[in-house]
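Here the protein sequences come in this chain order: V and Z. Mapping to the numbering used here: the first sequence position 162 is 162, numbers consecutive. Mapping to the numbering used here: the second sequence position 266 is 266, numbers consecutive.
One should not assume that every hint holds.
Quick list of the computed label-pair ranges, beta carbon to beta carbon [as the list claims (entries may be wrong)]:
#1 Z/456 - V/151: 39 to 49 Å
#2 Z/27 - V/290: 40 to 50 Å
#3 V/32 - Z/234: 26 to 36 Å
#4 V/32 - Z/478: 39 to 49 Å
#5 V/94 - Z/310: 56 to 66 Å
#6 Z/90 - V/76: 50 to 60 Å
#7 Z/145 - V/64: 41 to 51 Å
#8 Z/145 - V/218: 29 to 39 Å
#9 Z/249 - V/151: 46 to 56 Å
#10 V/94 - Z/113: 30 to 40 Å
#11 Z/27 - V/159: 48 to 58 Å
#12 V/94 - Z/313: 52 to 62 Å
#13 Z/281 - V/77: 32 to 42 Å
Source of the hints: derived by calculation from the structure; they are not laboratory data. Cβ atoms here follow ideal geometry from the backbone N, Cα and C, with glycine treated the same way.
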Amino acid sequence: MEVFKHDQAIVGFMKNAKKVGFLSVTLVVISLGLLFTKGLNFGIDFAGGTVVQLQYTGKAPIKKVRDILANSSEYGEATVNFFGSDSEIAIRTKQTSKAVKGGIKEKIVALIKDTGDFTVRGVDMVGPAVGDELKSQGLQAMFYSILGILLYISFRFEWRFAIASVMALMHDVIIAMGALSLFQIDVNLPILAAILTILGYSLNDTVIVFDRIREGIRTLKSTKLEEVIDESVTRTLSRTTLTSLTTFFVVLTLYLFGGEALNGFSFTLLIGVVVGTYSSIFVASPILMWLNFSIDEFRASEATKLKREKEREKQRAMYEQGTI
Amino acid sequence: MGNLNYRVVVFIFAFLFGVVFSIPSLTQSADDTNTTGKKITLGLDLQGGLHMLLSVKTEVALESKLKSIGTTVKYILEKNKIAYEKLKFEDGKVSFTLLDPNDVTTVDGLLAENFKGVLVEKSDLLYAMRLSPELIETTKTHAIDQAVETIRNRLNMYGLAEPTVAKQGKTKILVEVPGIKTAEDEDRIKGLISKAAHLQMMAVDEDRANRIYGMSDAEAKQYGDVILLDVADNRTKYLLRSVPILDGSMLTDAQVAYEKDTQRPMITFSLNGRGSKIFADFTNEAQKTKARMAVVLDNEVYTAPRVQTRIGGGRVQITGDFTPQEAHDVAIALRSGALLAPVQSEEERNVGPTLGADNIKASSIALIIGFLSVIVFMVIYYGMAGVISNVALVANLFLILAVMSLFGATLTLPGMAGIVLTVGMAVDANVIINERIRELLHEGASITKSIEQGYNNAFTAIWDANVTTLIAAVVLFQFGTGPIKGFALTISIGILASMLTAILGTHGIYQWLTPKIDKNRLGFWFGIKTKGAK
């Protein structure tokens, strides 16, 4: 089976780069706007707090639980929601307790013990200090991985490729975070993992397109960057679509069947896969163009690199023969 | 079969390696006790259990360090028959005043000899001793290390399956206890973790005891005393000398015993030589005035009998309203030693066994469906080339499991997600390769050339893409904790495994099969329609 023919006409991506760029900029601006106004809904992993998950035999008397907590002196601000099914509820409060024994779970359970027959399925309590540490760890992780990537791509390609790929990557991460803000999804540890996965995935996609462009620069006759990019992106179109589709399906099954615990994680990834695919085609390459990447320069530097290597080999050969 | 090459051999070897070493993990069941072969441990989010991150109130350790300095000072001065007064402990220092100026040189010598790292300030006959910064630092570190050791001992004595107690970072303690089934178990375990088990024998300040009900804590402090409550009845108060006679560090054993008449549980413990000596001396003094001595556990008075005779031999007992289980747990706590400082909960994650089982079920279903749909898709789209990719994919999955088993790695929920994701990304390498081969076939290259050239062309892309993702994963592993680490680990292993299976492995299989590939059946072999192949 083939979706894209091998003689697929070259698509003029770069002609439309401005229009698409406009769309990207709009999305990024909207996302940033959301992040600054609505903000992220940090879950307890980052903000600190306690979640108690209960399962009732039969339908959970959620209203009763809400009333009891609302009238209690300590847990007035707690929220109660169904969790996964209508027999399970999650009680969330911003409070934490330093006590190892007799913490918040025990107190809440004591308060609502008459609401029906329930078992505690799980408790998560994260102190505020831990949350802050996680935030800084997350940011550090983000910073160092971007730094590492910049260095690697500069080394393997050229600095403009590195800048372009990192910009595409930020584009993806910002839009994904915008979606998290829009839908007010609880940002917990798994979401951080998802964001960092998007980072890796988006990069993966971009690098593969860039690899083709690098190859195109070496092998194609044209010295016009626009043409080289168009041809290279067209050539990778089949791969990009296929991989994105398979990844999308895998993440979709995770979203549909992975259970409540992986819901936020897989949702974030779904957005990331879509945006990542889009950005590797429409965002990364135009940036390369706008950074005034010059094919002649690249070829010249490649040539000197090659020359230097040859010279070194020659010297080595001479050295081995004992002439130096 | 003449075309067997090193790539296929390596691949087959890797495949077998993967299968053999993942078997112990795949066949393990929930209450499996046979421990043959290294296995993947299921994270607490999958198997259920209690996870706690604790911090240590190190300032309390510093305080008790000072207190024990106070106790020792008292002991040394009395042993050397040196007259002193106003021995007290406040504001981070121990102070006392000598009565006889002639003792100054002797005392200076004794202090220098017995207290390393303690700063001594003198003004006239008033001595003030405080901890040096280095001693403060080592005391803090020691308090944390000791807490790790103590909690570990207690949980081991309690007899649960494989609890983990480890220092995390410089100041935190990670405690993981899998397989907690009931709320009562959970309660007792938390009790064991948090029980300071700080045992003190303290003298009752008989001179002022009759005034206690009108006395404030601040006033008591002025006299070098402290007010503590009775464990059973918190209206009963005791006025005690704040520098204890001796503490739990001189204890050698603690056991549960039962009172003869009532069969009520009590705890008996033995003191070491120095403790026995101090105890005998004290009781010898106290019996003259029939003074009281309080047994204090974690700042609660359990019993405060009048001393009738001198007690030698160093055997003491605590009675109280213990249930047998409480007595058992207190004895464990005393035996394993006191926590130098109390622990606090910074993070608690408690996953009930049913929740863990649900998590496994949900993520396994997602993994299986995702995996199957990718496999079916590859066959439909690429024909035999898809089958070859699938073989690599299966090998990849086994390899991930095998490597994780050998590391004894922990599989968490995000780790499961990581595997699912690796499946998606491992396919990518094969998609790139297959697309490249197809391109060359379309251009009319021979099958051998298409395969060789296709792998060549695809290689840099796959390599660079994988290395960049690997960089991100390694950074994540470095900075992440717990579940995030698991996620980064599975992805890293997955990437490395996919390089082996998807690049090297499939290449070998192609080379091995090349003689069999019919150039007229490219639809079957590569899923394309072309007439161009030579």
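Requested in this report: Run the structure past the numbered hints and jot down the numbers of the failing ones, going up.
Outcome: 1, 2, 3, 4, 6, 8, 10, 13
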